[in-house]
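Peer 1: So the protein sequences, as listed, match chains R and V.
Everything in the first sequence is counted per the working numbering, starting at 233 for the first residue and increasing by one.
Everything in the second sequence is counted per the working numbering, starting at 24 for the first residue and increasing by one.
You can trust all of the hints, since none of them are fake.
These stretches of chain R come out as covered by chain V in the derived footprint (C-beta under 8 Å, 3 or more residues): (1) 358-365; (2) 443-454.
Short, incomplete list of chain V residues facing chain R, as computed with Cβ under 10 Å: (3) 92; (4) 212; (5) 397.
Think of the hints as simulated: they come from the structure by calculation, not from any bench.
Glycine is no exception: its CB is placed at the ideal position from the N, C-alpha and C atoms.
Residues per chain, in single letters:
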Amino acid sequence: MNDSFMLDGEEIPFTPGQTVMQAAAAAGKYIPHLCWHPDFAAHGSCKLCTVKIGGRFATSCTVRAAAGQEVENRTDELDARRRTLLQLLFVEGNHFCPSCEKSGDCALQATAYEMGMLTPHFDHFYPDRPVDASHPEVLLEFNRCILCELCVRASREVDGKNVFALAGRGTKSHLIVNSESGRLADTDFAATDRAAEVCPVGVILKKRVGFAVPIGARTYDLQPISAAGGDGTTGRAGDTSAPRKTEAG
Amino acid sequence: MSFELETAPADAGTLRRVAIDPVSRVEGHGKVTILLDEHNKVHQVRLHIVEFRGFERFIQGRPYWEVPVMVQRLCGICPVSHHLAASKALDLIVGATRVTPTADKMRRLMHYGQILQSHALHFFHLSSPDLLFGFDSEVGRRNIVGVAEKYPEIAKKGILLRKYGQEVIRLTAGKRVHGTGAVPGGVNRSLSADERKDLLKDAYQMIAWSREAVHIIKELHQQNPALYDHFGSFRSNFMGMVAPDGSLDLYHGVLRAKDADGSILFDQVDYQTYDRLITEEVKPWSYMKFPYFTAMGPEHGWYKVGPLARVQNCDSIPTPFAEHERLEFVAYAGGKPLHATLAYHWARMVEMLFAAETIKELLQDDDLSGTELMTSGERRREGVGVIEAPRGTLFHHYQVGDDDLVTMANLIVSTTHNNQAMNTAVREVARQYLDGKEITEGLLNHIEVAIRAYDPCLSCATHALGKMPLEVTLVDAEGTELDRKYKA
Ligand code: SF4
Ligand code: FES
Chain R
233 MNDSFMLDGE EIPFTPGQTV MQAAAAAGKY IPHLCWHPDF AAHGSCKLCT VKIGGRFATS
293 CTVRAAAGQE VENRTDELDA RRRTLLQLLF VEGNHFCPSC EKSGDCALQA TAYEMGMLTP
353 HFDHFYPDRP VDASHPEVLL EFNRCILCEL CVRASREVDG KNVFALAGRG TKSHLIVNSE
413 SGRLADTDFA ATDRAAEVCP VGVILKKRVG FAVPIGARTY DLQPISAAGG DGTTGRAGDT
473 SAPRKTEAG
Chain V
24 MSFELETAPA DAGTLRRVAI DPVSRVEGHG KVTILLDEHN KVHQVRLHIV EFRGFERFIQ
84 GRPYWEVPVM VQRLCGICPV SHHLAASKAL DLIVGATRVT PTADKMRRLM HYGQILQSHA
144 LHFFHLSSPD LLFGFDSEVG RRNIVGVAEK YPEIAKKGIL LRKYGQEVIR LTAGKRVHGT
204 GAVPGGVNRS LSADERKDLL KDAYQMIAWS REAVHIIKEL HQQNPALYDH FGSFRSNFMG
264 MVAPDGSLDL YHGVLRAKDA DGSILFDQVD YQTYDRLITE EVKPWSYMKF PYFTAMGPEH
324 GWYKVGPLAR VQNCDSIPTP FAEHERLEFV AYAGGKPLHA TLAYHWARMV EMLFAAETIK
384 ELLQDDDLSG TELMTSGERR REGVGVIEAP RGTLFHHYQV GDDDLVTMAN LIVSTTHNNQ
444 AMNTAVREVA RQYLDGKEIT EGLLNHIEVA IRAYDPCLSC ATHALGKMPL EVTLVDAEGT
504 ELDRKYKA
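Same shape as in the complex, but just chain R (with noise of 0.2 Å):
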């Protein structure tokens, strides 16, 4: 059975039990988002994703697809709702992209060019978030997660591991590592988890890489995050274990 809705005067087809993001990924139709990912379990917390379905907000990665819905997703108010999204995720973290070396390959960065953010607009927050440059392989920038926990689903989910774990509350959310100590190099953690290549933003680096792939190479230097996530990929870069294809569910 073949159904569809409208996205942005488009008509999207969806499989019954597709979500209204997945149905437009896998149309090619890029709905901004964060912590959505084709291959982990929907997680609607970053609220980029959000659309008007029918004149009323909801998270796109969330709510399921239904024949005849008239979802708005770039119109300029959502879009504006988008930039404060991500003005406040900028000014929590501290996110430096001239000296970071995901600069690039970082899928807030990317998505923040794609709103047309200019500025940070809020104060901020300069959290004091040490590195954690334990383990020999993999290194851990913690100023710039975005607690999508994508991280946290990938080593739960796929590796079988735990390594992340989301801890404190509100404004004090972080995230940790499971260890007695708290420190990578102290879990089962390996370079080749799937949790090490699924990071959208600088947190989670394979060690003594760097600058080795110029600026003006990367991912986003080539096409925006609009065109290269439009096929139902996350368009993230290093996360070449991504299928292109989302199933149902």
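Assemble the complex: chain R is given as a structure, and chain V with the ligands must be docked to it using the hints.
Peer 2: Chain V with the ligands in isolation, oriented as in the chain R frame:
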């Protein structure tokens, strides 16, 4: 020597202070304090420099591969120099004691592009207004706009020389500012044949214009030796890097120093051992340290770096036109080192010519299009990288832990090496032109001219060229403001 002026005696009585702030047309922001007594006699002169103190702390705790990109934030004016000095130091950390020919030449090209654009900026945009119109000329005209009106050809060439240098940087570093071309162990890109051809096309013009620039400054010197040879002149040691064969090399080599008479103080020194050679003295009134040759002590061991030091420190320059000009410079000096502050400009233009010629030679080299970009070897915990930046010798020194995080960083930047020299130059000028006289704008500008000759990077602040308002404040010894003058 003018050490006695550094600190006014405690019983100096009623003193007045003339503060020139900011020093217009110097990169960034500086402040000159002239402490006067009631007869307008210079009692004390201090050049206060707001420097990037504390930057080393930012680097500590960061992964080493981030450092060459991060340190570019140190200076908005010569980020490439920091980028390369850090990369050279970190080459040693990753065990790349010798980078590939492609990496070496890409970095050299980037560096000489930086020298070209920085020297062009300094000479044409910042200094030519003073030199062409005279230090006492009308302030409103003494800027690049004034030069463009009166000498449109000179201004145009200056702008295009700088643009060309920036283009070389863009193609080698990936971006015009804050590029990422150099990485520990090598580079992340090489040039295509087309990119090289494109750059090479204009290289000959750049050489021709650089030769003209040398001639402009040389003529100014010869026309007015009384001014050019004596303005802010003082004797000191020199230090710089030379190739092992003694020729000029601004990218890599060994350290050499000469005394005020031109005799070798040390030579062929491996810069990995710089900390045994140089001590950095802290003075309570300045954030910027005062380095000196440890063996000679602070009073006699301070030195000049930068173009004037380099051109007189080397035995030869490996490109023909620049070597020709060096020989003329040496002949003019008469077999003894020239210590004239304004001779910095002449030496700087000889170097710009050297850079233009070197760029041309490098562009003809197929190694620039090579594919072997990176190398590594046995990991080390410590590395020193040195480069002759546009303003002088630049040291980057790092220690890196087993977890790949930087545990120690120490930088000595060109302007710091020249700290004592600049203070001395200002004092000499203050004695020559300010002592016992009325404080006029023209006289104050002589002090700025002396500082500017060193091309100091005073901080990371940027400003509109020549448009920075000048503030002159007169305050007494207790800090009470007596008078204040603004100039737009
Ligand atoms: S580390 Fe990366 S993947 Fe994990 S929660 Fe933070 S941003 Fe998401
Ligand atoms: S992508 Fe839907 S809430 Fe984050």
